[in-house]
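Colleague: Sequence:
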Amino acid sequence: MTAATTQLSLTGWGNTNPVDCRVTRPERFAEAVAAPAAFGEAGLIARGAGLAYGDAAVTRDGVVVNMTRLDRMLSFDVESGRLRAEAGVSLRDVLEVALPKGFFLPVTPGTCRATIGGAIACDVHGKNHHSAGSFGAHVEDILLLLANGEAVRCSRSQHGELFAATLGGMGLTGIILEATIELMRVGSNLIVARNQVTRDLDETLSVLATTDHAAYSVAWIDGSATGAKLGRGVVMIGDHASRERAEAAVPNGKLEFVRPPGWRLPTGLPSGLISPMVVRLANTALYHRYRSAGTGESLVPAHSYFYPLDSVANWNKLYGRRGFMEYQMVAPEDGAELTVRALLDRLHRSGLSSFFTSMKRMGPQGEGLLSFPMKGIAFSCDLPSGPAALRLFDDFDEITAAAGGRIYFAKDARASARHIKTFYPRLAEFQAVIGRVDPDGAFSSALSRRVGLANFRGASAGHG
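Read in order, the letters of the sequence shown are residues 0 to 463 in numbering that gives the first Met the number 0.
Hints should not be assumed to be uniformly reliable.
EDC-like cross-link-like pairs, simulated, lysine to aspartate or glutamate; straight-line CA separation at most 16 Å [stated by the list, open to error]:
{"no.": "1", "residue 1": "Lys-374", "residue 2": "Glu-428"}
{"no.": "2", "residue 1": "Lys-100", "residue 2": "Asp-76"}
{"no.": "3", "residue 1": "Lys-374", "residue 2": "Glu-336"}
Read the hints as simulated data drawn from the structure, not as lab findings. Just so you know, these numbers come straight off a predicted model, no measurement behind them.
Construct the entire structure; sequences and hints are all you get.
Modeller: What follows is the structure, given as structure tokens:
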């Protein structure tokens, strides 16, 4: 019996380029395992929480496999922190179980609503890449469903090339069914946070360079500042509070993960709400608020520190019906300052303004053949979707490629194949693995077709 599908219009988190998709949602493990046999001829791609910003988890001609019902935690060793869970388990689910036992995610992106499968497929990173690497560095093994219907457990010691291709492989090696990850022991659910306001890009980069001692660091950039103030912002530094410090601040406090409240924006917000003038005013106000607050330490709940945007469940609607796009890139350490300066200069010459502009220090490149991080500086900015943003991001591609950097597929919604081999020099290795495990191209997405990541079935490549 063929599994049922539903026709749905899907987008990524940026709400751009909706695609009419056939969607199946396996309710049980056995149904997921049957997906390649049922839909392999059409082509398929797995989807978790749908939080990739672009078209990584949609496909126009095939079937989207919604994995969110495969959400069982299979085992958790409270002594070692080793967790085995199905791919649809969210990071929030993990924290609600693990934090009361004294464990935290070793790496977390800016949302706890992402799934384990999605975190592996995108090889997500957080504010601690300089000290802990990406999510994949803490994955012990993966149970992967191949195009031929075989479920293979891969790890660093078993099917190592397949394991490396799956970390950051954007779901193209197969469907991640479950994984074993190593959690990190912590003493409390509080973060010791401190902020340092900077006057310009040189100072921002200088302060970031001194954060080796801290577990977490990220810089918010005033995306509207120009001239001598270009690149000014706030470097946000954090460490997990010890049990003793947390108990002194919150006597009899519980070691638990408090869910963000999840307020919702009204529907139908106008696309022009986030205008350049509004963004410039907001940037200036936020910068001066941080400057007035000073540099003292504060104890912040983990959910507030790591997931501030999760408090508004549909914050992506803020940009209206047109949606938004993010450009995230990483520049090699040598020359990173010149690269980031060129990006900020080009942003300001465009007349556009970004509120969500940030920089992070990145540690050494990880194992994933298509993993985004490399040692250097990561830069990102969000803009309302439209022709001006598309032109600007095309220019950003030229700057990034010339610097030897790369873009982040999990945030991309518009890049062409033009620079992909430059961005990802191990692409040929990745494609060789795909050629062995999926020679007929059963797994593909609108992203993989758009930028030419792998062979695929069906119609010619196009923008999804």
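Colleague: Could you tell me which of the hints above the structure violates, numbers in ascending order?
Modeller: 1
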